[in-house]
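Asker: Here is how the chains run, residue by residue.
Protein chains: 2
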Amino acid sequence: MKAGVFDSGIGGLTVVKSLLENNIFEEIIYYGDTARVPYGVKDKNTIIRYSLEALEFFKNFDIDILIIACNSVSAYALAEIRANTSIPVVGVIESGVKALENKVKNKDSNILVIGTKATINSRKYEDALVHLSYKNITSIQTGLFVPIVEEGIFDGEILHSTINHYFKDLKNIDAVILGCTHFPLIEDTISKYLKNAVTIHSGDAIVEFLKSEYSCHTKFNNTTIKFFASENPQGLKQVAKSWLKELI
Amino acid sequence: MKAGVFDSGIGGLTVVKSLLENNIFEEIIYYGDTARVPYGVKDKNTIIRYSLEALEFFKNFDIDILIIACNSVSAYALAEIRANTSIPVVGVIESGVKALENKVKNKDSNILVIGTKATINSRKYEDALVHLSYKNITSIQTGLFVPIVEEGIFDGEILHSTINHYFKDLKNIDAVILGCTHFPLIEDTISKYLKNAVTIHSGDAIVEFLKSEYSCHTKFNNTTIKFFASENPQGLKQVAKSWLKELI
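Protein chains in written order, with the numbering used here: chain A, 1 to 248; chain B, 249 to 496.
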């Protein structure tokens, strides 16, 4: 089985990490729109337009399933992508919500959703959680986490003061949805600040989701992966080597 | 006289502020490529391609001069823009260097240049300063300053820890070139950390440069300004109102 993985840039590599650790696919074609990253600060219409252009890119490959490893795209462009292809398209929001539902049974739990401006403004996580009867949901746009991670900062004073800036008024968070594929890289620091709240990670969530909803299984000994980018593919490959290490 | 002002997004508004304070032009057409901002993390070829598309936009207006209010574009695409138009095109780097030359006479002064990845990697400031016989130049990519300013943070713990992260090893800086049009918004905090080093501000520098090299003068009672953006022009106008206040 051959999967396409689409992200606005490098963040989707955290989803690729989960896919590789589970050897779900025989081959992965990764495409990052690095020339126009970040999507999280952009408008709905722009995100849809860029996502449909990415879909055209994937039509050059004979993929069996397309994974949208970007929360901003999953929030705004999933319906439009699906309307323009016959293959299954899986986003990180529906899988993240499903993962939360599996892990957090008490509907009175305090759920925190963090993400880019686009993801949070879409209210996609919030609406899905309300639909599942969760009552206490807080959403925060944590716009600085992406550039901090891209700067290679995963801990230390800058990250701590930024986390404190966003989270200082929060109390007793039981679970946090990392609604951006950059955030797993600072998961430990976030989780520690939130006194070890349950964390929902887009990559792990999508693996669970693919297994339960698409009958994907860990069955390949090895996954071949090819990286493409709209600019500087070498830069993308370097980050992939640093984040994915012996997996590629 | 009618000027076009081009920036990748909102940063160029600090240049507009200087232009408006000096009433140099009768009319300004501002265009921000907000759909693809930021340019500072992008490749040379991408910056050139996007800049030539912006030039096409300005061809719809009968402008007399084009001001590139973006350091990353000035660093990489100035020659290509000039090759594709017959009107004068002025960038912020040549004017910034000229402003420094006017303010800092001692060639042994410690000069700090800060900017985006694109601007610093281009070495455009450094090469020009070396050509002018300045001997002690330090360049630093301060990638987090743009998102911090865009988050509306102009002071406080996050900015202080970020400034400290970038500047902690610097000693006795005499002058700092704010090589990004976002940075004037955090000029006071930077200057204070650097013990009141002389600061070079792209907007003020370009006003001086237009006066000395292009015979522009403060002669209009009022400047009409029109804002255009590749996405969310309302958002751009809101930022313009907040930054430029009674000037517009």
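Hint data in this document are derived by calculation from the structure and do not stem from the laboratory. Every value quoted in this text rests on a predicted model; they were computed, and no experiment measured them. Be careful, since some hints might not be right.
Stated by the list, open to error - Calculated pairs, EDC-like style, for lysine to aspartate or glutamate (alpha carbon to alpha carbon, straight line, at most 16 Å): (1) B:K474 - B:E342; (2) B:K353 - B:E274; (3) A:K117 - B:E398; (4) B:K459 - B:E274; (5) A:K107 - A:E126; (6) B:K365 - A:E213; (7) A:K98 - A:D169; (8) B:K365 - A:E126; (9) B:K489 - B:D375; (10) B:K351 - B:E456; (11) A:K168 - B:E405; (12) B:K383 - B:E435; (13) A:K117 - B:E274; (14) B:K459 - B:E374; (15) B:K416 - A:E157; (16) A:K241 - A:E126; (17) A:K135 - A:D174; (18) B:K355 - B:E374.
Stated by the list, open to error - DEER-style ranges, computed between Cβ atoms: (19) B:N412 - A:Q238: 21 to 29 Å; (20) B:F309 - A:K192: 31 to 39 Å; (21) B:N271 - A:E187: 46 to 54 Å; (22) A:L170 - B:H408: 18 to 26 Å; (23) B:K493 - A:K135: 39 to 47 Å; (24) B:K307 - A:K195: 52 to 60 Å; (25) A:R123 - B:G400: 17 to 25 Å; (26) B:N412 - A:T85: 46 to 54 Å; (27) A:N84 - B:K307: 45 to 53 Å; (28) A:R123 - B:H408: 29 to 37 Å.
Stated by the list, open to error - Just so you have them, the derived chain B footprint on chain A, three or more residues with Cβ under 8 Å: (29) 11-20; (30) 39-51; (31) 236-242.
Ideal placement from N, C-alpha and C gives every residue a C-beta, glycine not left out.
Asker: Would you mind marking each hint as holding or not holding in the structure?
Answerer: Right, here's what the structure says about each hint:
no.	hint	in the structure
1	B:K474 - B:E342	26 Å, violated
2	B:K353 - B:E274	34 Å, violated
3	A:K117 - B:E398	12 Å, holds
4	B:K459 - B:E274	15 Å, holds
5	A:K107 - A:E126	13 Å, holds
6	B:K365 - A:E213	43 Å, violated
7	A:K98 - A:D169	27 Å, violated
8	B:K365 - A:E126	36 Å, violated
9	B:K489 - B:D375	37 Å, violated
10	B:K351 - B:E456	12 Å, holds
11	A:K168 - B:E405	13 Å, holds
12	B:K383 - B:E435	24 Å, violated
13	A:K117 - B:E274	37 Å, violated
14	B:K459 - B:E374	24 Å, violated
15	B:K416 - A:E157	13 Å, holds
16	A:K241 - A:E126	34 Å, violated
17	A:K135 - A:D174	13 Å, holds
18	B:K355 - B:E374	13 Å, holds
19	B:N412 - A:Q238: 21 to 29 Å	27 Å, holds
20	B:F309 - A:K192: 31 to 39 Å	54 Å, violated
21	B:N271 - A:E187: 46 to 54 Å	52 Å, holds
22	A:L170 - B:H408: 18 to 26 Å	23 Å, holds
23	B:K493 - A:K135: 39 to 47 Å	43 Å, holds
24	B:K307 - A:K195: 52 to 60 Å	58 Å, holds
25	A:R123 - B:G400: 17 to 25 Å	22 Å, holds
26	B:N412 - A:T85: 46 to 54 Å	49 Å, holds
27	A:N84 - B:K307: 45 to 53 Å	33 Å, violated
28	A:R123 - B:H408: 29 to 37 Å	34 Å, holds
29	11-20	violated (count 0)
30	39-51	holds (count 5)
31	236-242	violated (count 0)
Hint compliance for this structure: hints 1, 2, 6, 7, 8, 9, 12, 13, 14, 16, 20, 27, 29, 31 are not met, and every other hint is.
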